[in-house]
Each structure stands twice: as C-alpha cells, then as structure tokens.
Amino acid sequence: MTPLDRIRNLSVVAHVDHGKSTLSDRILELTGAVDARDMREQYLDSMDIERERGITIKAQNVRVTWKDTIIQLIDTPGHVDFGYEVSRSLAACEGVVLVVDAAQGIEAQTLANCFLALEADLEIVAALNKIDLPAADPDRYAAEIQNVLGIPAGEILRISAKTGEGVPDLLDAIAARIPPPKGDPDASLQALIFDSYYDQYRGVVSAVRVVNGVLSTGDRVRFMQTGKTHDIEEIGFRLPVPTPVASLGPGEVGYLIAGIKDVGEARSGETVTSALRSAPSPLPGYREPKPMVFCGLYPVEGDDFADLRDALEKLRLNDSSFTYEPETSGALGFGFRCGFLGLLHMEIVRERLEREFDLALIATAPSVEYVAHLITGEVVEVDNPSVMPDAHKLDYVEEPYLTCTILLPTEYTGTVMDLCQTRRGEMVKMEYLSPERLELVYRIPLAEVVIDFFDQLKSRTKGYASLDYEPAGYDRSNLVKIDVLLNNVPVDAFSTIMHKTKAEEYGRKMTSKLRELIPRQLFDVPIQAAIGGRIIARETVKAKRKDVLAKCYGGDITRKRKLLEKQKEGKKRMKNIGRVEVPQEAFISALRLEE
Numbered sequence: 006m007t008p009l010d011r012i013r014n015l016s017v018v019a020h021v022d023h024g025k026s027t028l029s030d031r032i033l034e035l036t037g038a039v040d041a042r043d044m045r046e047q048y049l050d051s052m053d054i055e056r057e058r059g060i061t062i063k064a065q066n067v068r069v070t071w072k073d074t075i076i077q078l079i080d081t082p083g084h085v086d087f088g089y090e091v092s093r094s095l096a097a098c099e100g101v102v103l104v105v106d107a108a109q110g111i112e113a114q115t116l117a118n119c120f121l122a123l124e125a126d127l128e129i130v131a132a133l134n135k136i137d138l139p140a141a142d143p144d145r146y147a148a149e150i151q152n153v154l155g156i157p158a159g160e161i162l163r164i165s166a167k168t169g170e171g172v173p174d175l176l177d178a179i180a181a182r183i184p185p186p187k188g189d190p191d192a193s194l195q196a197l198i199f200d201s202y203y204d205q206y207r208g209v210v211s212a213v214r215v216v217n218g219v220l221s222t223g224d225r226v227r228f229m230q231t232g233k234t235h236d237i238e239e240i241g242f243r244l245p246v247p248t249p250v251a252s253l254g255p256g257e258v259g260y261l262i263a264g265i266k267d268v269g270e271a272r273s274g275e276t277v278t279s280a281l282r283s284a285p286s287p288l289p290g291y292r293e294p295k296p297m298v299f300c301g302l303y304p305v306e307g308d309d310f311a312d313l314r315d316a317l318e319k320l321r322l323n324d325s326s327f328t329y330e331p332e333t334s335g336a337l338g339f340g341f342r343c344g345f346l347g348l349l350h351m352e353i354v355r356e357r358l359e360r361e362f363d364l365a366l367i368a369t370a371p372s373v374e375y376v377a378h379l380i381t382g383e384v385v386e387v388d389n390p391s392v393m394p395d396a397h398k399l400d401y402v403e404e405p406y407l408t409c410t411i412l413l414p415t416e417y418t419g420t421v422m423d424l425c426q427t428r429r430g431e432m433v434k435m436e437y438l439s440p441e442r443l444e445l446v447y448r449i450p451l452a453e454v455v456i457d458f459f460d461q462l463k464s465r466t467k468g469y470a471s472l473d474y475e476p477a478g479y480d481r482s483n484l485v486k487i488d489v490l491l492n493n494v495p496v497d498a499f500s501t502i503m504h505k506t507k508a509e510e511y512g513r514k515m516t517s518k519l520r521e522l523i524p525r526q527l528f529d530v531p532i533q534a535a536i537g538g539r540i541i542a543r544e545t546v547k548a549k550r551k552d553v554l555a556k557c558y559g560g561d562i563t564r565k566r567k568l569l570e571k572q573k574e575g576k577k578r579m580k581n582i583g584r585v586e587v588p589q590e591a592f593i594s595a596l597r598l599e600e
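Read in order, the letters of the sequence shown correspond to residues 6 to 600 in the numbering used here.
No wet-lab data here; the hints were simulated from the structure.
Do not take every clue at face value.
Here are the simulated EDC-like cross-link-like pairs (lysine to aspartate or glutamate), alpha carbons at most 16 Å apart as the crow flies [said to hold, decoys possible]:
id, residue 1, residue 2
1, Lys295, Glu374
2, Lys505, Asp423
3, Lys507, Asp488
4, Lys266, Asp204
5, Lys505, Asp488
6, Lys266, Asp315
7, Lys567, Glu544
8, Lys266, Glu239
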C-alpha cells in the first residue's frame with residue numbers, strides 16, 4: 006500500500022487536438038513506464054477506430070512513477086459528445102492538467118472542461134502546448150488564459166508534448182501543486198467504479214478508485230446498487246500493462262476482476278464495499294447522461310436480432326451513455342431505438358457494433374425527443390416520428406433547445422451569426438475575449454444543431470471556430486410530422502418531424518431521391534410526401550412498358566384499342582394488389598439525405 010502523501014491522481018483535459026494523448030505518450034516515455042522499443046503514437050488509445058480517426062473516445066488510466074511520487078494519470082477525450090467520459094474521470098481525481106494549444110488559444114471545450122474541473126473543486130495545472138510550432142504565441146495566450154479563466158500567467162507552464170520540452174517541469178509542478186488524496190485505510194471499504202469493459206475470457210474488468218478502506222485479492226465484496234456479492238479474483242495497476250498486486254489502498258486507482266458474467270452488475274458509478282463490513286452509504290455516483298439524439302438500429306439480416314441485442318448489452322457496459330429499447334418497423338422489421346449524446350457518438354457506437362461484433366446494420370435518420378401536449382391535457386414524449394399523435398389530437402408541441410457557446414476569430418462574426426439565425430437561433434450574449442477573439446452564445450433548437458451545424462460552422466470559419474453546447478430546456482415550436490407514402494402506403498422508416506418552414510423543401514428532396522432509388526415496377530408507383538392528409542410533394546416511378554401492339558398490324562383501330570384497354574385493366578389491378586419492394590440499398594442511401 007502506497008502512503009497517501011506520495012500519490013497524485015489527475016486527468017489530462019483539453020479541446021480536441023490540443024495534444025492530450027501526445028502529452029500522455031511523453032509522460033509514459035519520461036517516467037520509463039514504456040520501453041522505447043515498444044513505444045508508439047497514441048499509446049493509450051487502444052481501439053482501432055481511435056487510431057484511424059486520431060481522436061480519443063474512451064478515457065484510459067495508467068500509473069507511473071516520477072522521482073518519489075506516484076502519478077495516476079487518466080487521458081480523457083476532447084470531443085463534446087464524450088464530455089460524459091471526462092466528468093466520470095474527474096470523479097476519480099484531485100487535480101487536472103489543462104492543456105491549451107499555444108497556436109490556437111482557448112477553445113470552447115477548454116472552457117467547458119475547465120468549468121467541469123472547477124465544479125468538482127479540483128486543482129488546475131495549466132500548460133501551453135506546441136510551443137515548438139512556428140505559429141505559437143505563448144505570451145499572448147497566457148494573457149488570454151489569465152483574463153478568461155483567472156489562472157495567473159506566471160504559473161502557466163510552456164511545453165511541447167511532441168519534442169518533450171518542458172514536460173519534466175510539468176511533472177514537478179504536478180507533484181508540487183496537486184494535493185494528495187484523502188482517505189482512511191481503517192474505515193469500511195468504499196471504492197468507485199468509473200469505467201468497465203467486457204473481456205470474453207475473464208468477464209467484466211472494471212477500473213476502480215479506492216476512496217476508503219483496503220481492497221485485497223480474495224476479499225468477498227458487495228456491489229451496493231445491485232446488491233450482488235462476488236469474490237475478487239485479481240486486482241492490479243495498469244503500468245500501462247495490467248500488473249496484479251495483493252491490495253489497493255485509499256487514493257489508489259487500479260482494475261478489478263471478480264468473474265462477473267452479467268454485464269449489468271458492474272456499471273459505472275457503482276460503489277464496491279466489503280460483504281462482511283459494509284460501508285453505511287454508497288459514494289455519490291454519476292448523473293445519468295440524458296441522450297440527445299435518437300435513431301433506430303436494425304440488422305440487415307432479420308436473424309441477427311439476438312446478436313444485436315447481446316452486442317448492445319456488452320457495449321453499454323463500456324459506454325453507459327447510450328440507451329436502447331426494442332422497437333419494430335413495418336419496413337425494416339425488428340430492431341432497437343437507441344439514444345446517443347450526439348451525432349459523432351452515434352456514428353462511433355454504430356461503427357463499434359459493426360467492427361467489434363461483426364454486424365451489418367441500417368440506421369434510420371437521427372431525430373430528437375419532442376414533447377407533445379394533447380387537447381385532452383395528456384403529455385407524450387416522442388423520440389420516434391412514427392409515434393407522433395395525429396394533428397387533430399395535438400394542442401401544441403415543444404422541442405428541446407441548446408445553449409451553444411461558439412468561440413471564433415472576429416473576422417467571421419457575420420457569417421457565423423447568419424448560420425445561427427438561419428437555424429432559428431436567438432442570440433443570448435456576445436463578448437470579446439481579446440481584440441481578435443469573440444465568444445458568441447446562442448439558443449438554438451437541438452434538431453437544427455444535430456444535422457450538420459458543426460460541419461457548416463467549421464467550413465464557414467476555415468476551421469477556426471469551436472463549439473460547445475449544453476441542454477437549455479424545451480420551448481413551443483410550429484412542428485409538423487412528414488410521412489412518405491409509396492403507392493399510397495406510409496413507410497415508417499422515412500417519417501420525420503421538422504419545422505413547418507422547412508417541410509416542403511424536405512418533402513421535395515426526399516421524393517426526388519427515392520424516385521432515383523426505387524426500381525421500376527410493372528405499374529406506376531406514386532411517391533408522395535404528406536403532412537397529415539395534405540400532399541406537399543410528389544414524384545412518380547414510371548411503369549415498365551410492354552408493347553402489346555407489336556403483333557397487331559393493319560386492320561381496324563378498335564383491335565388496338567381493345568388490347569390497350571386490356572393492358573390498362575391489368576395495370577390497374579396490379580397497382581391495387583402490388584406491393585412496392587424497397588431494396589436495402591435504397592433505405593441506406595435515402596436515410597443519408599441529411600448528410
């Protein structure tokens with residue numbers, strides 16, 4: 006057991022691409038935790054998808070030794086969709102290293118993560134990274150950090166995570182400034198699970214932070230939320246290779262394996278205590294994250310439904326911020342309605358399901374959760390367009406809003422304000438951080454931000470603007486449900502809810518796209534977009550023609566007429582009984598319309 010005064014627990018937080026994972030790499034090298042020959046870029050990012058995209062998705066913890074201090078480091082994601090990972094990591098720490106790019110200065114996520122750390126009452130060590138870049142201006146951005154965050158410019162360290170310059174001073178500052186953890190080794194055991202994943206050979210492996218008491222191999226422990234008891238098979242540290250130890254004392258971070266097969270028993274936020282001498286109360290867990298974006302996930306092959314359910318269960322253990330419940334669709338069969346924290350989160354979860362569990366999936370168009378108020382006074386939550394009540398039963402509909410904080414260079418003010426206003430945004434405040442940088446705060450409907458707001462923002466500002474958002478309640482809006490009808494039959498997978506002003510444009514786009522995708526049948530197929538009983542757009546897939554007059558030459562016109570009438574009757578009958586088969590590719594392409 007390590008004495009408390011030698012331990013330092015910290016997270017590395019920053020905006021996307023400001024150098025968190027590179028800094029973690031340098032710390033692993035400098036402290037000798039990883040041999041030079043085993044070293045690779047983004048060492049702690051273990052998933053293929055993280056390496057390909059160059060982003061961190063899961064927080065990773067590692068224990069290193071610097072001089073006579075034990076540093077327990079958690080490398081966190083920077084993207085706004087994974088803010089939940091950051092907040093969970095901070096619960097296991099006493100301090101944070103706030104990394105800011107010396108060529109870009111404070112960005113939106115820098116502020117958001119800094120405020121998360123301040124709320125959790127953690128010590129902040131600020132560092133300006135990338136001082137080796139020609140465009141770096143550390144003095145100017147140190148002054149900006151002092152103005153905006155109140156951290157004295159003299160205390161901000163200058164480092165280059167790429168070359169390693171200044172990193173030893175940062176490690177010294179961590180040892181000097183971040184307080185050691187508090188905890189009583191003689192008290193009843195209280196340990197917090199802050200992350201878990203499923204290993205097919207060993208069951209559930211949990212990352213755990215001991216707060217009070219001692220956790221030892223072979224102990225019988227009780228999980229306080231589920232009430233289940235287990236015998237501990239192995240505990241240890243990540244150095245970064247998992248290394249078993251006999252016990253973990255207060256303030257220490259490690260992993261725990263107890264042969265748990267049921268993934269529901271070791272959720273993040275769970276408190277582990279001794280089965281014989283239980284703690285009186287559990288540790289405060291985490292706020293359940295509220296999903297913002299919903300979509301249906303369906304297996305391409307209907308037989309894969311059970312595999313999809315198992316895969317979602319295992320992935321939910323590793324990423325507790327998405328939700329799922331079964332649903333059925335007339336067009337796509339059996340699947341799940343899933344809730345995510347944002348579009349990137351949705352994309353990553355879908356990609357992980359396809360890669361890690363070898364599934365082929367169709368995702369429906371993303372939607373958000375609306376609240377429908379009926380004339381009867383009843384209130385219905387609508388996260389799927391197909392369950393929206395009929396227009397004649399509705400009194401009004403409310404939609405979720407976000408408070409969006411955008412940081413940008415002043416020369417792009419006009420174009421960004423125009424973007425926010427076309428997305429039905431209302432300005433809340435506008436503040437200059439320095440003569441050339443501006444903070445804009447807008448209240449914008451979530452449905453407008455979900456689709457491609459971030460891409461538009463980046464392209465209009467040449468990549469210099471940054472965005473952070475948080476939920477800002479519900480408001481009344483003039484929303485309508487658009488149905489797409491094929492041969493007069495509604496197809497639920499294509500239904501959507503949107504603002505009335507944009508409905509016709511969406512209807513025209515969707516019908517013309519489907520006209521190209523649906524193969525010709527033996528009868529005319531009308532494709533219509535409708536709001537209630539009113540058709541707002543129509544296209545027709547023309548029937549295949551057979552020349553019935555080919556063998557009828559010469560003679561009276563009535564002979565030709567008779568054959569044509571007979572063909573017409575046949576087409577009419579076929580149209581009444583004919584079902585339009587929509588190929589899978591058409592679903593996948595049509596649902597990409599928003600992209």
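The hints, checked one at a time:
1. At most 16 Å may separate the alpha-carbon atoms for a hinted pair to count; Lys295 and Glu374 meet this at roughly 11 Å.
2. Proposed proximity of Lys505 and Asp423 is contradicted: the alpha carbons are some 20 Å apart, above 16 Å.
3. Of the supplied pair hints, the one linking Lys507 and Asp488 holds, its CA atoms being roughly 14 Å apart against a limit of 16 Å.
4. Note on Lys266 and Asp204: the hinted pairing holds, with a Cα-Cα distance of about 10 Å set against a maximum of 16 Å.
5. Note on Lys505 and Asp488: the hinted pairing holds, with a Cα-Cα distance of about 13 Å set against a maximum of 16 Å.
6. Distance restraint check for Lys266 and Asp315: the Cα-Cα separation of roughly 13 Å lies within the 16 Å cut-off, and the hinted pair is therefore satisfied.
7. With a C-alpha separation of about 30 Å, the suggested pair Lys567 and Glu544 falls outside the 16 Å cut-off, and the hint is violated.
8. Our distance criterion of 16 Å between C-alpha atoms is met by Lys266 and Glu239, whose separation comes to about 15 Å.
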